[in-house]
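*Asks:* Sequence:
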Amino acid sequence: MSIEVKFWGVRGSIACPSPDHVVYGGNTSCLEMRVAGKVLIFDAGTGIRNLGKDLIRRKVTEATIFLTHTHWDHINGFPFFVPAYNPKAAFHVMAGHLTDQGGVERVFSAQMANPTFPVPLSAMQSKLTFEDFTVGDDLNPGEGIVIRTAPLRHPNGATAFRVEYGGQAVCYVTDTEHEPGKPDEIILDFIRDADLVIYDSTYTDEEFPQKIGWGHSTWQEGIRLCRAANAKRLALFHHDPDHNDAAMTAIEQQAKSTWSGAFAARDEMVVVIE
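Using full-length UniProt numbering, read the sequence shown as starting at 1 and increasing by one per residue.
Just so you know, these hints were derived from the structure itself, not from any lab.
If you're wondering where the values come from, they're calculated on a predicted model, not measured in any experiment.
Each hint should be verified, as a subset may be incorrect.
Claimed, not checked - Derived pair list, reagent style DSS-like, types lysine-lysine, alpha-carbon separation capped at 27 Å:
hint, residue 1, residue 2
1, K6, K59
2, K38, K232
3, K232, K256
4, K88, K182
5, K59, K127
6, K127, K88
7, K127, K6
8, K53, K6
9, K53, K38
10, K38, K88
11, K38, K59
12, K38, K6
13, K6, K88
14, K88, K59
15, K127, K182
16, K182, K6
17, K232, K182
18, K256, K88
19, K256, K211
20, K127, K38
21, K211, K182
22, K53, K127
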């Protein structure tokens, strides 16, 4: 009765492969949860390319992909998700912020259309299905698995996910902006008593005033929320591409010294909740 979380991409905004981004990784948002025999994928940033390779190695041909939103850094790895080209595979893509904007399939199709990409969505020969839900809905991707959803403060909208199984809870809360001095009550309620909270920690409190309106938060706010909500652990996520390994090491040390439950997520890190 466990939830296994693997981070495949932990950066925000744009991928940043460089010698200065080796320890924490340079791929954009993508994580995998293995729950009750199901593979649940969250976001399709550049990290989904390596996840796809791993699914092929493991002979996994079915998964559900949940999208927080469809800004480039959360979807631009999908055309390079090789398992989607396998006629024997099946993938279900779900989003909760596009019901009034033509739906998620339209966005994915446009991303792979001329003149910006040479291979159309129709080239993906897997059984590829798309579903738009309303943020706030509960989702049930497998027996005993409940995924709760909530709205986030982000330009064009974004969705938070809380995966519950066997008394455990993992919350994925990225691409959200806080209001200084005023905790987001929706998030506080959403992450209450969670075993792990994966939170938008793009900036520091010192950097934040210059980034207001950009739709992101800070690691300090993540700690404040987790403490207030009695969450057990916090994974700093959606790292600023300008935060190289040296900067991230300093941030992680500060976060851990502030609250022992905090750590910085990095590419290919595995966390097991049991």
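*Asks:* The structure should be examined with respect to each hint, and the outcome stated for every one.
*Replies:* Taking the hints in turn, this is what the structure says about them:
1. The straight-line distance between the Cα atoms of K6 and K59 is roughly 17 Å, inside the 27 Å bound, and the hint therefore holds.
2. For the proposed pair K38 and K232, the alpha carbon gap of about 24 Å is at most 27 Å, so the pair holds.
3. Under the criterion of a C-alpha separation no larger than 27 Å, the hint pairing K232 with K256 is consistent with the structure, at around 13 Å.
4. At roughly 49 Å between alpha-carbon atoms, K88 and K182 are farther apart than 27 Å, so this suggested pair is violated.
5. For the given pair, K59 sits about 16 Å from K127 by alpha-carbon distance, which is consistent with the 27 Å threshold.
6. For the proposed pair K127 and K88, the alpha carbon gap of about 8 Å is at most 27 Å, so the pair holds.
7. As the CA atoms of K127 and K6 are separated by approximately 24 Å, the hinted pair is consistent with the 27 Å bound.
8. A C-alpha spacing of about 14 Å is found between K53 and K6, which places the hinted pair at or below 27 Å, so the restraint holds.
9. At roughly 17 Å between alpha-carbon atoms, K53 and K38 fall within 27 Å of each other, so this suggested pair holds.
10. With a C-alpha separation of about 17 Å, the suggested pair K38 and K88 falls inside the 27 Å cut-off, and the hint holds.
11. Proximity of K38 to K59 is assessed by CA-CA distance (about 13 Å); at most 27 Å being required, the pair is judged to hold.
12. Our distance criterion of 27 Å between C-alpha atoms is met by K38 and K6, whose separation comes to about 14 Å.
13. Our distance criterion of 27 Å between C-alpha atoms is met by K6 and K88, whose separation comes to about 24 Å.
14. Between K88 and K59 the alpha-carbon distance is near 11 Å, which keeps this suggested pair within the 27 Å criterion.
15. Restraint check: the Cα-Cα separation between K127 and K182 comes to about 45 Å, which exceeds 27 Å; the hinted pair is violated.
16. The hinted pair formed by K182 and K6 fails the criterion: a straight-line CA distance of about 31 Å is larger than 27 Å.
17. This hinted pair checks out: K232 and K182 have alpha carbons roughly 21 Å apart, not beyond 27 Å.
18. Only pairs whose Cα atoms come within 27 Å are accepted, and K256 paired with K88 is rejected, the gap being roughly 45 Å.
19. Restraint check for K256 and K211: satisfied, since their Cα atoms lie roughly 24 Å apart, inside the 27 Å limit.
20. About 17 Å separates the Cα atoms of K127 and K38, which keeps this hinted pair within 27 Å; it holds.
21. Taking the CA atoms of K211 and K182, the gap is near 17 Å; set against the 27 Å cutoff, the hint holds.
22. The hinted pair formed by K53 and K127 meets the criterion: a straight-line CA distance of about 18 Å does not exceed 27 Å.
Hint violations for this structure: numbers 4, 15, 16, 18, all remaining hints satisfied.
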